[in-house]
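Chemist: These are the residues of each chain, in order.
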Amino acid sequence: MAIFPPKERIWWNTPVEKTEVMWVTIALIWALVMFFMMPYWHLTGDQNLSNEAYKISADAYAEKTEKMAALYKVREEGDTGIPVVAPPAGSDVYMLGRLWEWWPVLELEAGKTYRLHLSSLDWQHGFSLLPENINIQVHPDYEMVVTVTPKNPGEYGIVCNEFCGAGHHTMVGKIYVK
Amino acid sequence: MSNDFRTCPDTGFKIHLPADKLIKWNAVTAIVFLLIGGIFGLLVALTRWPAVHILPPDLFYLALTAHGLDVLLVWVIFFEIALLYFTSAVLLNARLVGPKLGWLAYVLMLGGALMTNVAVLRGDSSVMFTSYVPMQAAPDFYLGIILFAVGALIGCGLFFATIIVAKKERTYEGSIPLVTFGALTAAIIAVFTILAGAAILVPTLFWSMGLIAHIDTLMYKVVWWAMGHSSQQINVAAHIAVWYAIAAILFGAKPLSEKVSRFAFLLYILFLQLASAHHLLVEPGLSSEYKIFNTSYALYLAVLASMIHGLTVPGAVEAAQRKKGFNKGLFEWLRKAPWGNPVFSGFAMSVVFFGFLGGISGVMMGTEQLNIIIHNTIYVPGHFHATVVTGTTLAFMALSYWLVPTLWQKELFLPGIAKWQPYLFGIGMALVSTFMMGAGTLGVPRRHWDISFADAAMGFDFPAAAYLMMGLNGISAIVAALGAMIFIINMVGTLLLGKDKVPAAAAPEEPVAPAAPPASAATSYGSAGTMEVPGTFVLALIFLVSFILYYFVNWKYLASVWGLS
Amino acid sequence: MADPGTGAPPPETGGDTGEPIPFMQQLLDNPLLLLFIGVVSPTVLYILWGLMEIVAIPMAQ
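Protein chains in written order, with our numbering: chain A, 177 to 354; chain B, 18 to 582; chain C, 872 to 932.
Keep in mind that a hint or two might mislead.
In the DMTMM-like style, the derived pairs of lysine to aspartate or glutamate whose C-alpha atoms are separated by at most 25 Å in a straight line are [what the hints assert, rightly or not]: (1) A/354 <-> A/253; (2) A/183 <-> A/193; (3) B/573 <-> A/222; (4) B/340 <-> A/184; (5) B/573 <-> A/193; (6) B/340 <-> A/317; (7) B/341 <-> A/184; (8) A/327 <-> B/233; (9) B/185 <-> C/890; (10) A/240 <-> B/233.
Which stretches of chain C does chain B cover? Using the computed rule of at least three CB atoms under 8 Å from a CB of chain B, they are [stated by the list, open to error]: (11) 890-904; (12) 908-922.
Label pairs and their in silico Cβ distance ranges [unchecked claim]: (13) C/919 <-> A/194: 40 to 46 Å; (14) C/922 <-> A/343: 40 to 46 Å; (15) B/572 <-> C/919: 45 to 51 Å.
Everything labelled a hint here was simulated from the structure, so no lab data went into it.
Just so it is clear, CB atoms sit at the ideal spot from N, CA and C, and this is done for glycine as well.
Hey, can you work out the whole structure from these sequences and the hints?
Modeler: Here is the structure:
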């Protein structure tokens with residue numbers, strides 16, 4: 177029994193029953209399939225996060241974001257005072273997270289590709305694009321660049337899903353896709 | 018020295034009295050923290066039930082922090098320290114080396130756990146279990162965890178010392194028992210966990226005291242998860258050791274193959290801890306090579322190990338049952354198993370839920386790209402409630418139904434209701450996991466007070482199904498909490514009010530807590546040899562098919578979202 | 872089955888033959904060696920590799 181020491185002095189050489197050998201083989205094959213799915217998707221799939229990232233100070237990132245917002249602002253979002261920004265397709269698009277908002281609101285075009293930059297000015301935040309359910313961690317002092325291609329027109333919410341203090345549950349942003 | 022020992026009337030083990038006492042105190046303390054953590058957990062679930070929404074936001078985040086710490090660290094690790102002493106000193110018929118250090122470990126762990134709890138309850142340290150910088154808790158929050166970890170490290174040290182000294186003093190011959198080997202695996206992972214924890218929490222403590230100016234958020238996360246995730250891998254190794262122990266205790270089951278089972282544990286020792294990278298798959302700046310290698314435990318070799326245990330544990334039971342004559346068809350051995358015995362029912366559900374719910378979901382969301390559609394949603398707690406609660410906690414409960422009456426030599430306080438308890442708790446918790454995972458696929462965030470965003474400037478409308486599932490989650494949590502409460506009452510009642518056990522030989526009929534198999538069966542040992550386990554193989558294939566289907570369904574789902582590159 | 876304390880082979884009493892213990896069994900019977908590889912493997916592959924990648928992240932222009 178498993179609660180007593182093995183009775184045989186040498187148990188390593190005891191033959192293994194064939195059901196077990198079969199199962200170990202099948203499981204190993206499945207393990208390898210799952211492993212190679214990841215590089216395979218990098219080659220053929222359309223959803224891979226880039227590894228492009230930079231160290232950056234909060235001030236420098238805020239400046240870049242504000243510059244873009246001033247350049248491409250089209251209106252304000254309701255009475256929130258937050259600008260809605262419609263940068264041209266293919267351009268660098270900046271969004272920042274801070275206690276407790278995503279800034280600014282973006283307006284993108286379906287089927288077009290953008291270089292979306294993400295960073296935080298204070299604590300860690302979770303960029304959760306809904307209802308797509310695309311989730312990316314946002315750090316202060318690091319700028320992550322993700323190339324995104326929105327699929328369908330509509331209004332998308334960005335919920336913060338990394339706990340960021342007392343107002344965490346009010347941190348919601350928006351992306352419009354035309 | 019021999020008068021430091023007593024002989025267990027049920028099992029024949031020679032039990033070192035100082036070890037006996039330490040095992041009991043650590044196990045009881047564990048159960049007390051299960052109660053405390055469980056109450057916080059119930060409050061969390063009731064707050065996340067939108068129609069009930071019982072706590073205000075500050076108390077919700079406070080309760081969630083306390084819940085995570087008390088059950089993910091304190092409950093399981095106290096119980097695991099008891100298991101380490103049991104699997105070394107008791108199973109090897111040896112003395113526990115350094116019982117005084119064992120008490121030091123106990124005091125440090127208890128003191129640390131209380132200190133951190135006080136810091137959290139004070140309200141200035143609601144930083145969640147993960148305490149991601151630059152969010153800052155009070156210094157005693159970190160200090161408490163550090164003291165707890167130092168205590169646990171001493172406990173691990175005593176385990177290593179005990180098995181080494183037992184070998185020298187020749188209390189056993191040859192290799193350590195497989196169950197002790199599983200516990201050794203858990204202890205090794207624990208040492209890594211604690212060292213990593215020290216490496217990150219000591220600087221964080223200094224930072225909270227103002228002695229260090231800055232802690233890099235990404236580096237914190239890499240090192241913190243070497244502790245945070247590995248601490249849960251201790252549970253995996255420990256509860257699989259418990260599975261083997263229960264199969265042996267209930268059925269006299271022999272491992273199908275010592276070689277295969279121990280090799281599977283070796284794969285854990287080598288690779289299980291790499292899965293800490295599961296938490297870093299959508300972080301900036303880490304390369305795909307790093308993510309893929311680590312998140313897959315190096316080619317999924319630790320998953321291979323889990324799948325091996327998933328066959329060999331029930332396989333050992335099947336072999337033992339067939340030997341007893343339950344040989345009809347594929348599943349007579351399973352049908353005629355003691356489903357009314359909480360040791361068995363808890364064990365069986367632990368194996369099934371850990372594999373089907375916890376294992377499959379864990380591998381799926383630990384896939385580099387698939388993590389994008391899962392990260393930080395409530396799917397994640399759904400997954401780890403399946404692993405840590407229906408897997409680990411249920412296995413520990415099942416073992417307690419045997420261990421507590423045996424160690425204390427008491428009859429179970431409420432044997433009738435004990436038959437139902439594992440079902441109540443296990444199925445309740447399996448539903449909790451399922452509903453959380455369901456809500457997570459709809460994007461419901463974890464650690465979130467209000468998914469209706471009533472106070473927010475902008476909102477997002479979750480579909481009605483998300484609300485429904487969070488409600489069902491709350492109801493299931495009540496069922497599970499009831500099950501946990503019955504367990505705790507039964508255990509505490511057995512200690513305080515349980516009748517002294519009638520010596521096993523004179524027991525009138527089969528007790529609910531099973532007596533150990535007769536000593537004659539206990540002495541024979543060996544691999545099950547040519548015994549075939551077709552029933553288990555069929556079950557394993559069903560598992561594999563579910564695994565493959567679920568895995569690829571999620572790839573299909575991923576393919577439907579926005580392009581990312 | 873090296874004795875973890877001294878590295879000397881332990882006395883064998885239950886042994887029916889003098890057949891040497893296979894290497895893998897000796898490894899699995901050596902708790903301190905297992906502890907060593909169980910701590911070093913994730914420290915190098917997970918922690919150190921990860922930290923090196925973070926250090927190598929370039930500054931933004």
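Chemist: Hint by hint, which ones does this structure get wrong, listed from lowest number up?
Modeler: Failing hints, ascending: 5, 6, 8, 14 and 15.
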